[in-house]
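Protein chains: 4
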Amino acid sequence: MLNIAVIGCGYWGPNLIRNFMQAPDWQLVWVCDADEIKLNSVMTAYPGVKKTLRFQEILDDKSVDAVAVATPVSTHYELASQCVSKGKHVLIEKPICQTAEQGEKLVRLAEQHAVQLMCDHTFCYTGAVRKIKEYIESGELGQILYYDSVRVNLGLFQSDVNVIWDLAVHDLAIVDFLFSCRPSRVSARGVAHTDSSLENIAYVTLEYENSFIANFHVNWLSPVKIRKTLIGGSRKMIEWNDLVPAEKVRIYDKGITLSAEDKKQKSKLLISYRSGDILAPCIDQTEALTVMVKEFAQCIHENRPPLTDGKAALRVLKILEVAQQSLVCGGSTISMSW
Amino acid sequence: MLNIAVIGCGYWGPNLIRNFMQAPDWQLVWVCDADEIKLNSVMTAYPGVKKTLRFQEILDDKSVDAVAVATPVSTHYELASQCVSKGKHVLIEKPICQTAEQGEKLVRLAEQHAVQLMCDHTFCYTGAVRKIKEYIESGELGQILYYDSVRVNLGLFQSDVNVIWDLAVHDLAIVDFLFSCRPSRVSARGVAHTDSSLENIAYVTLEYENSFIANFHVNWLSPVKIRKTLIGGSRKMIEWNDLVPAEKVRIYDKGITLSAEDKKQKSKLLISYRSGDILAPCIDQTEALTVMVKEFAQCIHENRPPLTDGKAALRVLKILEVAQQSLVCGGSTISMSW
Amino acid sequence: MLNIAVIGCGYWGPNLIRNFMQAPDWQLVWVCDADEIKLNSVMTAYPGVKKTLRFQEILDDKSVDAVAVATPVSTHYELASQCVSKGKHVLIEKPICQTAEQGEKLVRLAEQHAVQLMCDHTFCYTGAVRKIKEYIESGELGQILYYDSVRVNLGLFQSDVNVIWDLAVHDLAIVDFLFSCRPSRVSARGVAHTDSSLENIAYVTLEYENSFIANFHVNWLSPVKIRKTLIGGSRKMIEWNDLVPAEKVRIYDKGITLSAEDKKQKSKLLISYRSGDILAPCIDQTEALTVMVKEFAQCIHENRPPLTDGKAALRVLKILEVAQQSLVCGGSTISMSW
Amino acid sequence: MLNIAVIGCGYWGPNLIRNFMQAPDWQLVWVCDADEIKLNSVMTAYPGVKKTLRFQEILDDKSVDAVAVATPVSTHYELASQCVSKGKHVLIEKPICQTAEQGEKLVRLAEQHAVQLMCDHTFCYTGAVRKIKEYIESGELGQILYYDSVRVNLGLFQSDVNVIWDLAVHDLAIVDFLFSCRPSRVSARGVAHTDSSLENIAYVTLEYENSFIANFHVNWLSPVKIRKTLIGGSRKMIEWNDLVPAEKVRIYDKGITLSAEDKKQKSKLLISYRSGDILAPCIDQTEALTVMVKEFAQCIHENRPPLTDGKAALRVLKILEVAQQSLVCGGSTISMSW
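Protein chains in written order, with full-length UniProt numbering: chain A, 1 to 338; chain B, 1 to 338; chain C, 1 to 338; chain D, 1 to 338.
Read the hints as simulated data drawn from the structure, not as lab findings.
It is possible that some hints are incorrect.
Identical chains share a label here; the pair holds if one copy fits it or two copies do between them.
[What the hints assert, rightly or not] Calculated pairs, EDC-like style, for lysine to aspartate or glutamate (alpha carbon to alpha carbon, straight line, at most 20 Å):
hint, residue 1, residue 2
1, K62, D35
2, K86, D61
3, K236, D195
4, K228, E247
5, K50, D35
6, K133, D309
7, K225, D253
8, K225, D277
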């Protein structure tokens with residue numbers, strides 16, 4: 001059993017606390033928050049766990065194996081660096097840091113101290129995304145041609161970040177998790193409809209080698225909530241509708257086939273269309289955070305990077321930065337190298 | 001009653017022929033096609049209509065008031081120019097010409113000869129689009145914020161045009177019809193997944209003044225057919241799902257409201273969310289082509305431009321050309337002036 | 001403010017406790033359960049409320065204005081009778097008693113003691129059912145022709161009651177609430193597929209004067225969950241799909257019209273079909289139990305029967321008994337008089 | 001190649017004519033109708049086929065192998081009997097005759113003359129129903145527990161038959177086709193809402209041995225069109241939604257399992273719920289009538305009864321008669337023996 005401390009009792013902290021409490025791999029020993037009222041209110045349900053207003057207490061406790069950081073993003077780098085420097089494994093909420101520069105330092109620091117650095121890309125631990133990853137890795141879809149996501153609703157307008165940092169960050173984390181390739185070109189277009197200058201509707205496009213393209217439509221001003229992703233493969237295709245609990249993932253045995261001779265004469269394309277069964281596989285209903293905290297324990301036990309490690313979080317952050325840059329430049333396509 | 005001649009018996013011609021035959025405003029007098037077998041096959045059902053292989057016969061017939069051109073696009077300019085020069089009104093299938101340059105000449109020629117030049121933007125004559133136009137023009141939606149269309153399916157790969165010219169052309173025609181403003185910036189990104197160099201998936205973005213943005217996702221490689229458009233207004237919003245016959249158009253009395261004091265202090269946005277009734281208005285089921293041929297007659301009788309006139313078709317063509325240019329340049333945003 | 005005591009901390013009791021705690025009209029003073037462990041576990045969250053294992057303590061407390069009975073149905077009659085006899089208003093979970101005979105005695109007793117007797121027909125206090133009642137009472141639907149409900153899912157097989165007592169009881173309570181007329185004939189057919197002799201699929205039909213018919217399909221063995229009700233009126237019709245949160249109730253301006261002359265000559269029916277707008281009105285999202293406990297307070301203050309009073313509960317119970325009798329007799333239609 | 005004659009050019013006749021014309025197994029030689037105008041109008045498209053107003057001409061033509069009867073039902077028995085007596089195979093539209101008595105005579109006559117007697121139960125030849133039959137016969141569903149069909153819409157009110165004879169007849173034909181067992185008890189309830197005495201909404205229940213139950217809800221006054229059937233098996237279940245072209249049939253690997261020990265003690269039912277994949281198999285899109293006319297040819301070539309033979313049609317007719325009798329008696333359950 002590993003000893004964990006949670007820093008931050010705000011919006012997401014209580015979910016982490018509940019899951020660490022229930023996890024057989026973890027012993028929750030400390031919870032820290034600068035706001036004493038909030039801290040006490042959250043912790044009445046967990047009388048056996050130590051509370052503190054001082055982060056230093058946790059740093060000084062050598063029995064603490066790992067720390068989960070669920071504080072505002074502006075504090076991530078400072079808090080995580082100190083934990084890492086004390087040899088503690090760290091789990092951080094996304095985005096991992098405010099800038100890619102900070103992220104890179106943190107990743108290097110964790111390597112130097114030989115501790116695991118994990119980012120809570122929650123969606124990657126859902127049954128739906130794990131099932132989709134299975135299909136992609138098995139080769140059943142064939143070559144991946146495109147990834148198209150629509151993530152729109154009448155959303156909570158954020159006062160500090162635009163819709164890309166609020167919603168597209170999920171898609172970026174998922175795409176990073178599902179595919180081993182990295183985008184070579186990024187662009188983003190969007191508009192702000194309120195007096196704030198924060199975009200509330202945006203389109204982000206990632207272009208990869210081999211004609212793979214990913215596009216995300218994110219929107220806080222949609223009359224209907226949509227969470228629908230299409231993944232096109234050369235052999236099969238996936239429709240992931242996260243709002244249909246009974247069948248979130250559907251595999252279509254459907255596509256086109258170019259016959260051998262056609263390939264020679266481009267001018268006379270002769271394409272045949274295949275249409276087969278549709279399968280909605282049974283999806284594991286385990287709460288994503290439960291799977292996530294288990295992975296955090298396992299990567300430490302096995303001394304290997306977690307599925308969503310600091311490097312993954314850094315890649316997501318880098319793309320966010322480039323997308324933001326493109327948005328500011330009116331949608332210019334910006335090249336990325338990895 | 002006006003006398004009409006139809007040129008071209010291919011894919012679309014028979015639909016025009018059937019509708020002109022049924023229209024009380026029109027007398028179908030001639031049908032012309034260079035392919036005698038096809039011409040005879042189509043016209044057995046209409047023994048009272050004259051057939052010809054020679055376009056010149058129609059040009060020479062002074063009783064012909066108007067000509068409908070449903071031939072391959074490469075012949076549009078030549079055929080339409082001759083008709084116009086003979087003082088005949090002309091209806092042309094879309095796209096109106098191969099190039100904007102041709103289109104401009106044709107529009108000018110029609111003005112010189114004082115004949116009506118109409119383009120068959122069929123979607124603009126559907127009950128759904130006409131109903132949406134009513135809502136927009138009544139001001140019930142408030143200020144229009146965005147237009148987002150998804151037009152995807154496992155499509156017929158075309159051998160001569162890419163997915164933008166095949167599918168996005170519909171969206172461009174609809175947007176031109178619905179809104180009086182014109183895009184100031186256009187961009188397009190897409191990829192080709194077959195050996196042909198024709199893009200089969202693309203994203204086209206139009207940016208307007210006043211933060212109005214329109215985006216079209218067109219795709220020939222989707223496992224599911226989707227024809228869904230969201231139109232966001234500051235007061236109400238529309239969802240148009242063309243695949244749900246019983247309720248294609250839905251009006252959401254839903255949106256956000258910024259309270260007066262908030263407008264002053266951007267830093268503390270206080271947005272309230274409204275959620276009211278949803279209305280699916282009864283949509284006129286008349287076939288779009290029936291409405292279109294009636295409009296063609298009426299604009300001639302009333303000596304006014306048709307709803308989808310040559311200028312509208314030319315605007316669509318210009319945007320197509322610029323989108324194509326952006327696509328070739330890897331998604332650059334290109335400014336347009338009108 | 002009225003003082004309330006809740007008897008029973010099992011499945012439903014905690015929901016009542018939570019709602020009475022939050023209600024401005026009520027002061028929760030006592031909670032009673034024979035199981036001390038369960039009682040303590042539920043009540044840790046409410047340290048200010050008195051707990052007891054002895055029901056008599058509540059009976060003896062003259063400050064208690066009303067009692068909510070959420071115990072097993074076999075104890076309802078005994079507990080409620082004693083409360084009523086002490087002059088306390090009573091709210092009972094459904095079904096109100098085990099037999100209609102008990103129910104009748106209880107209703108009479110409440111009248112003698114001039115206290116309000118209310119049954120927790122929760123569905124009647126949902127926003128959806130209240131909205132439907134509005135439409136029916138306004139006359140907008142015209143004459144009501146039929147009520148058809150499908151309430152099926154892969155359900156929890158009950159070990160003591162069949163699917164009619166488990167699921168159709170909801171429909172009976174709703175129909176009693178919506179319509180002032182009473183069924184004159186009842187029938188039920190069903191089968192048991194497990195070794196228990198309890199039916200897990202059943203069809204219940206109520207026939208009324210004036211050709212109004214109501215039918216309920218209840219099923220614990222359906223692969224899909226369905227909660228769909230159609231209500232046909234001579235002017236408009238309603239579709240109530242309880243599983244579509246955003247638009248549970250839809251009003252169709254749709255139906256048939258018999259023209260005047262046709263009415264004379266039955267042989268030549270000339271019916272015309274109307275098809276108008278579809279409206280999904282905004283539905284109040286307040287939790288049904290919150291509305292229910294408020295009604296309980298109001299009926300006491302206003303000294304009037306509650307919307308779902310003992311008599312309503314008794315009517316539901318009588319129909320359940322007759323339906324059960326029909327089921328046993330192989331589906332015979334049984335007449336009822338009121 | 002077999003020679004066929006079609007009698008009747010009304011609503012359905014032209015569909016038969018078109019399909020017999022296209023079928024490689026058949027040579028359409030004669031079409032007969034008493035209405036000369038209708039006959040000529042339909043047959044202009046088929047100049048090579050002989051027309052006649054006199055049925056006798058067909059009877060006398062020894063080259064005619066088979067006759068398809070698509071005339072009003074009141075003439076079925078007389079026309080079919082004469083054809084059979086002349087040794088011609090006969091295909092009849094449903095219902096096969098006006099009364100079961102006639103039907104029985106006709107079946108016997110066909111046996112005596114050793115000709116095939118087939119009824120056009122079109123639905124049984126759709127890809128969806130054939131796929132469902134495959135699943136049932138393979139045993140994959142386990143023991144069949146129930147069949148529940150909803151067939152409702154704002155329907156064409158018929159002036160001569162009620163909704164059972166118009167709509168439930170399809171369900172009866174399908175159920176007869178899918179299952180080898182026959183109902184032992186039948187009941188029906190319904191109401192008439194127009195001045196005609198013909199029921200426009202009805203519920204029909206068939207009860208079989210082994211707790212198999214089938215129920216049909218048919219309704220001409222529904223605001224929405226529904227064509228949905230649930231088939232419950234002990235191992236898997238089917239949802240057939242005929243209005244979703246892309247996935248009409250869905251197989252749910254879902255159900256309940258009684259563990260061995262539970263079976264002994266009914267009082268303590270311990271049921272476990274299984275929830276697995278959902279499969280929407282690819283459905284053959286061939287037009288049902290094309291498959292049907294092929295089966296008619298094959299059963300003659302192979303000298304075996306067709307899939308929907310006279311006996312099947314007679315069973316459907318008998319159940320219709322008993323359902324009608326139950327309807328008249330106010331819903332009494334009526335026993336049937338086979």
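Taking the hints in turn, this is what the structure says about them:
1. K62 / D35: For K62 and D35, the Cα distance exceeds 20 Å both inside one copy (24 Å) and across copies (44 Å).
2. K86 / D61: Answer is within; shortest intra-copy Cα gap is 10 Å, inter-copy 61 Å.
3. K236 / D195: between (45 Å within a copy, 19 Å between copies)
4. K228 / E247: both (12 Å within a copy, 19 Å between copies)
5. K50 / D35: Within. Shortest intra-copy distance 15 Å satisfies the 20 Å Cα cut-off; inter-copy 32 Å does not.
6. K133 / D309: within (17 Å within a copy, 50 Å between copies)
7. K225 / D253: between (27 Å within a copy, 15 Å between copies)
8. K225 / D277: Between. Shortest inter-copy distance 16 Å satisfies the 20 Å Cα cut-off; intra-copy 28 Å does not.
When each numbered hint is compared with the structure, a violation occurs for hint 1 only.
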